[in-house]
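Chains as they are written, first to last, in this note's numbering: chain A, 1 to 449; chain B, 1 to 469.
To be clear, the hints were calculated from the coordinates, so they are not data collected in a lab. Incorrect hints may have been included.
Claimed, not checked - Stretch-level coverage of chain A by chain B, calculated; a stretch enters the list once three of its residues show a Cβ under 8 Å from a Cβ in chain B:
(1) 141 to 151
(2) 250 to 260
(3) 351 to 363
(4) 374 to 380
All C-beta atoms, glycine included, are put in the ideal place defined by N, C-alpha and C.
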Amino acid sequence: MIRQVLLWSVQAAVVYVSVVAVVHLLLAVTGVWSVIHSRRYRDAPSRSGRGEVSAKLPVSVVMVEQGDDPTVADRIEALASLDYPAFEVIVVSDGPIGAHLARAMTRLHAAPIDLIYRPVIATARVTACYHAATAPNVVILEKQRTTSADAYNAGLNAARSPFVCILGVGSRLDRRALSRLMASVAEDPERIVAVSGIERTMCAAGAARRPVPVLWSVIEGARTALTAAGLGPILGILLPPRGCLLVQKKAVLRVGGFVDRHGAEYADLLFRVRRALADQRFPRRMVFLPKPVAWIPGPESLTGLARRYHDRCVGALGCVADHLPAGNALLVGWRMIAPLIDVGIAVGVTAAFRWGLVDVSSLLLVWMSLLAVRTAYSSAAILLMDAMLAEDPSRRDVGGLFAAAVLEPMIYRPMAAWWTLRAVWQHHRLGKHARLQPDPTTTPDPQPV
Amino acid sequence: MGGGTAVAWYQAVGWSALAAVVVAAGSAGLSMARRRLSRRVQQSRDRRRERYRAVFEHVQTDGTVDPQVVPEWSRAFSDGVFLDLLADALERADAEARSRLIALCERSGYVGRLRRAAWSVWWWRRAYAARWLGRLGSREGIADLIRLSDDVSFRVRCVAIGALGSLRDPRIEPVLLKALDTAGDGDKPSSRRLVPIEVVTAALIAQGAAVVLPLLPRLIEAPIAVREAVANILSWVPDAHPPVRAALLGALRDGDAEVRARAAQALGKVGDVGAVVPLAGALSDTAWFVRLHAARALGILRHASAIRSLVAALTDESWQVRATAAEALRRLGAQAVPALTDCLLTSGDRYAKEQIVEELQRTTFIQEQINLLDEAQTEAGFAARRLLREVARHGATRILLDALRRHPKATVRRRLVDILGREQSPRVIAAFHDVMTADQDAGVREAASGALTAGSGRPTRDVVGRRAA
Chain A
1 MIRQVLLWSV
11 QAAVVYVSVV
21 AVVHLLLAVT
31 GVWSVIHSRR
41 YRDAPSRSGR
51 GEVSAKLPVS
61 VVMVEQGDDP
71 TVADRIEALA
81 SLDYPAFEVI
91 VVSDGPIGAH
101 LARAMTRLHA
111 APIDLIYRPV
121 IATARVTACY
131 HAATAPNVVI
141 LEKQRTTSAD
151 AYNAGLNAAR
161 SPFVCILGVG
171 SRLDRRALSR
181 LMASVAEDPE
191 RIVAVSGIER
201 TMCAAGAARR
211 PVPVLWSVIE
221 GARTALTAAG
231 LGPILGILLP
241 PRGCLLVQKK
251 AVLRVGGFVD
261 RHGAEYADLL
271 FRVRRALADQ
281 RFPRRMVFLP
291 KPVAWIPGPE
301 SLTGLARRYH
311 DRCVGALGCV
321 ADHLPAGNAL
331 LVGWRMIAPL
341 IDVGIAVGVT
351 AAFRWGLVDV
361 SSLLLVWMSL
371 LAVRTAYSSA
381 AILLMDAMLA
391 EDPSRRDVGG
401 LFAAAVLEPM
411 IYRPMAAWWT
421 LRAVWQHHRL
431 GKHARLQPDP
441 TTTPDPQPV
Chain B
1 MGGGTAVAWY
11 QAVGWSALAA
21 VVVAAGSAGL
31 SMARRRLSRR
41 VQQSRDRRRE
51 RYRAVFEHVQ
61 TDGTVDPQVV
71 PEWSRAFSDG
81 VFLDLLADAL
91 ERADAEARSR
101 LIALCERSGY
111 VGRLRRAAWS
121 VWWWRRAYAA
131 RWLGRLGSRE
141 GIADLIRLSD
151 DVSFRVRCVA
161 IGALGSLRDP
171 RIEPVLLKAL
181 DTAGDGDKPS
191 SRRLVPIEVV
201 TAALIAQGAA
211 VVLPLLPRLI
221 EAPIAVREAV
231 ANILSWVPDA
241 HPPVRAALLG
251 ALRDGDAEVR
261 ARAAQALGKV
271 GDVGAVVPLA
281 GALSDTAWFV
291 RLHAARALGI
301 LRHASAIRSL
311 VAALTDESWQ
321 VRATAAEALR
331 RLGAQAVPAL
341 TDCLLTSGDR
351 YAKEQIVEEL
361 QRTTFIQEQI
371 NLLDEAQTEA
381 GFAARRLLRE
391 VARHGATRIL
401 LDALRRHPKA
411 TVRRRLVDIL
421 GREQSPRVIA
431 AFHDVMTADQ
441 DAGVREAASG
451 ALTAGSGRPT
461 RDVVGRRAA
């Protein structure tokens, strides 16, 4: 009986691995199709379903500054000079303004002003507002230090446009990102509630070559982009991005903005928006645009990569647990724990082969799926990115990327499985601690209405 | 693990790893091949570009054409690099150099080749011919372009219409107008794909003022798409003739919002003062982009009769309209100050007043008014004081306090103390304390001290509130 159950389990694992491999190959095909199809979006279209509009829809870009980032001045200046005719930049300083932000404000000739701040979403107190004289579309809010979710909510409250582009911590926008994102919104501004695009990984400033963690991060980004491009046209699902997300402000306000317990997790916001708008007469759309829109900072070391993966995993698992059994929550959850499943299957099937439960062909099938198909998918993603971005990388970069693609299922995947396991454990522990009451002495002052 | 089993496992993993390596190596090879190919192509193009550039410089700078150049040009016409450079040179050259280049092309037989290509059975050859006939602007090619504008191929028609736009000839205008009318009937079923109206619009814009008068009737009675296109053309080709102004004023009352927006834009560019009142009326349009363009146009016109409407637009629901209205008022400068002060004094809507003050803070308007305080004796300085006092009364004190601490002129700082003296918020009192101890000018320090003393003798809001209770 036990032998029979084990046999069925192993067979199920073999079938699972094979199905996942086939799905990945299909996704590669649909991803390529989606990229070709998306070329109809011009970077600066102005034609919507209702006809040509002589003025483009305005956008508010919300950026949160935490921990006195030394690059904040460059990031704000880059945002202020985006290639889009109507946008404002809202920089939210979570906590007192740090030295680097103060220097950036001096460079922008920012002066304190009294803005009307309506806390539609309850946030901690906003202590000061500044307006940049040399970049009139930049506003800086200083608020009491709380969480990143609260800081984003303050930015959402201050945003004046119908669409808000939420920028991840440390991320930068591509110069034409707003034109690209709003190009798809212009087709149907009422129904499209969220848009995201390809996020590229950047090296640390001054780095002569890309270290291995950055290469794996690049590969993961390319794979995610290919998966998102492939899934978008089939299921209409927007995989939660990390760098930037353009959302309809009305929809976000309706769900009450970001929730503190998930730490400004985009996935949680998207799940809640989808659920809240499920009763609408016309289905709302979330669009993935297969064009580069944002740059996210690459990890500086393997420890940094581990920490980032772990944090992302904890956040995603937390919000997935809240939104189960929704289909897209299942998908995001599966993507998070997939390394764990893969490593488990590799070990299990090898053990089953040792005990004579499976033959060599099944063993070969599993390992082929785990190593060769995964490498093929990574290679396809890299090739697609290369072709789409029309870049001319150096020979060393090309060699490094494909070598990292080969080593990724053998080295990075088991490490990711370990980080996932730790994240699952931490999520389990956090779940216990969440039942405790918060300390009332650390609760910040609410913004008066 | 037994020996046989271990070997089988090693073989399975080994084959899988080998397959992964082969796949990655193949992909890397593809990527490298693409990279190498693109680099080779680029290097070859660079070499040829350098060679051709010397020839072009010679033709453009030297009035005489070297006879040896002609055969070289005839050979080079099949090279894409040469054609790119030629297109670039034709675009950048002045009239004289351009005519020399065109003459050289004609002598090299290129125009004749293009005219023959215009009769090709392949659509891409015909489209290529149309594009280059338009670029060269040869008069011989106009007849071919007009014929190609009615070609069976959609792409050839688009290219030919675009090419006709860059040429000047009396035969072209009716062709473009006919194309516009046809493109405007986009909703009607048609046996062939219509040229997009944007292409025709761009061609008509390139024609300039010559096509404006024949377009005017279409602004009134044509289908919506044509009216939008005509209004768009008029906004790009501003024409101050009375019939054009009249047509634009009429278009400002059109049923289509896009036409109204474009008409407002065009009226601003025309600079017609008679349009101020209709444009001020357009500030209460239902479409936000019409209001935006009306506010922009009023900012260009800078006429005092628009001030009231612009002040009202500071409370518009769209922030872009509010910001544009504030910018327009800033451009109006001192003229706008009395109206703003009156509005802040007399309006009963607290939210509207707060909104107005916020919008003024987002421009440099308040900074400019602070700078005017130096001229306190003049009328502008007096008006600025009144306005700033109202701004402070509505809670916008930070910008004034910042100026109080940093403004280089002691006169201005003293006036600011006077303006802020009536405010008794903790922020103002703290700033007065700072000024009293740290300001360089004795007069400012004394004024701040006086304001604090006067403030302490005066009943505070809390006391008044308690008495009222």
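Problem set entry | In rising order, the numbers of the hints this structure does not comply with | 1 and 2
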